[in-house]
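Visitor: Sequence:
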Amino acid sequence: GIPCHVARSGYTGEDGFELSIPTGEIVGITEALLANPEVKLAGLAARDSLRLEAGLCLYGSDIDSTTTPLEANLVWTIGKRRRAEGGFIGSDIILSQIAQKGGERRRVGLVIEGAPARAHSKVLSVDGEEIGEITSGVPAPSLGKNIAMAYVRKGFNKKDTEVKVKVRNRVQNAKVVKMPFTPANYHKI
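Under this note's numbering, the final residue of the sequence shown carries the number 189; numbering is consecutive throughout.
Derived from the structure by calculation, the hints contain no laboratory data.
Keep in mind that this is a model prediction, so the values were computed, not measured.
Don't take each hint at face value.
EDC-like cross-link-like pairs, simulated, lysine to aspartate or glutamate; straight-line CA separation at most 16 Å [to be verified]:
(1) K158 to E104
(2) K166 to E130
(3) K175 to D127
(4) K40 to E14
(5) K166 to E113
(6) K122 to E133
(7) K166 to E129
(8) K175 to D160
(9) K40 to D64
(10) K145 to E113
(11) K175 to E113
(12) K154 to E104
(13) K178 to D160
(14) K166 to D127
(15) K175 to E162
(16) K122 to E162
(17) K122 to D92
(18) K40 to E18
(19) K154 to E130
(20) K178 to E162
(21) K154 to E129
(22) K101 to E129
(23) K175 to E133
(24) K145 to D48
Please take these sequences and the hints and turn them into a complete structure.
Guide: Put into structure tokens, the structure is as follows:
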């Protein structure tokens, strides 16, 4: 056998595995896997659309060192004991924000009419005021719609809020929706 690392922590929201294969063995193992008609190749675009449909953040795009768990709707990732005791990096700001429901912005899902909105496209109120920015956006093959993740000013983050998105100098209609866009499709073992 060939020593490989197999993980179930793939970043698509789908049930499956990721393989880390020694460089010299990649072709042989890939050919052996593809000999099975059930195995298909998928690239980064497939990974990105599935990731976004699953509502998963990509570090550097959807979250970074300036994003707090409250802004990103990721408070669930902070354990009960940590919330009670604090003491972790950034806990003063994060716990204060949680207690006061503070922060200026919130991460939301958007369904967009028209062309897909890409990162850095501006999100506008229905009155045309800039209220946020897209962090990730793709056509969602599983949904047959264009979807995006964005940060919008607090108050514009409620489900079914109508907004506009500026895509290549055209303003398009969009609506805030609950994430994930698709139900989880993975199984605990």
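Visitor: Hint by hint, say whether it matches the structure.
Guide: These are the hints, each one checked on the structure:
1. Under the criterion of a C-alpha separation no larger than 16 Å, the hint pairing K158 with E104 is consistent with the structure, at around 14 Å.
2. This hinted pair checks out: K166 and E130 have alpha carbons roughly 10 Å apart, not beyond 16 Å.
3. Taking the CA atoms of K175 and D127, the gap is near 14 Å; set against the 16 Å cutoff, the hint holds.
4. Restraint check for K40 and E14: satisfied, since their Cα atoms lie roughly 14 Å apart, inside the 16 Å limit.
5. For the hint linking K166 to E113, the alpha-carbon distance of about 11 Å falls within 16 Å, and the restraint holds.
6. Restraint check: the Cα-Cα separation between K122 and E133 comes to about 5 Å, which is no more than 16 Å; the hinted pair holds.
7. A C-alpha spacing of about 11 Å is found between K166 and E129, which places the hinted pair at or below 16 Å, so the restraint holds.
8. For the proposed pair K175 and D160, the alpha carbon gap of about 6 Å is at most 16 Å, so the pair holds.
9. For the proposed pair K40 and D64, the alpha carbon gap of about 32 Å is over 16 Å, so the pair is violated.
10. Between K145 and E113 the alpha-carbon distance is near 8 Å, which keeps this suggested pair within the 16 Å criterion.
11. For a cut-off of 16 Å, the pair hint linking K175 to E113 stands: about 9 Å separates their Cα positions.
12. A distance of roughly 6 Å separates the Cα atoms of K154 and E104; the hinted pair therefore holds under the 16 Å criterion.
13. For the hint pairing K178 with D160, the CA-to-CA distance comes to about 9 Å; that is within 16 Å, so the pair holds.
14. Proposed proximity of K166 and D127 is supported: the alpha carbons are some 13 Å apart, at most 16 Å.
15. Restraint check: the Cα-Cα separation between K175 and E162 comes to about 5 Å, which is no more than 16 Å; the hinted pair holds.
16. Between the alpha carbons of K122 and E162 the distance comes to roughly 14 Å, so the proposed pair stays at or under 16 Å and holds.
17. Between K122 and D92 the CA atoms are separated by roughly 31 Å; this puts the pair beyond 16 Å, and the hint is violated.
18. In summary, the hint linking K40 to E18 is supported, as the alpha carbons are separated by about 13 Å, within the 16 Å threshold.
19. Restraint check for K154 and E130: satisfied, since their Cα atoms lie roughly 13 Å apart, inside the 16 Å limit.
20. Of the supplied pair hints, the one linking K178 and E162 holds, its CA atoms being roughly 13 Å apart against a limit of 16 Å.
21. Under the criterion of a C-alpha separation no larger than 16 Å, the hint pairing K154 with E129 is consistent with the structure, at around 14 Å.
22. Taking the CA atoms of K101 and E129, the gap is about 23 Å. The hint is violated against a cut of 16 Å.
23. At most 16 Å may separate the alpha-carbon atoms for a hinted pair to count; K175 and E133 meet this at roughly 14 Å.
24. Taking the CA atoms of K145 and D48, the gap is about 15 Å. The hint holds against a cut of 16 Å.
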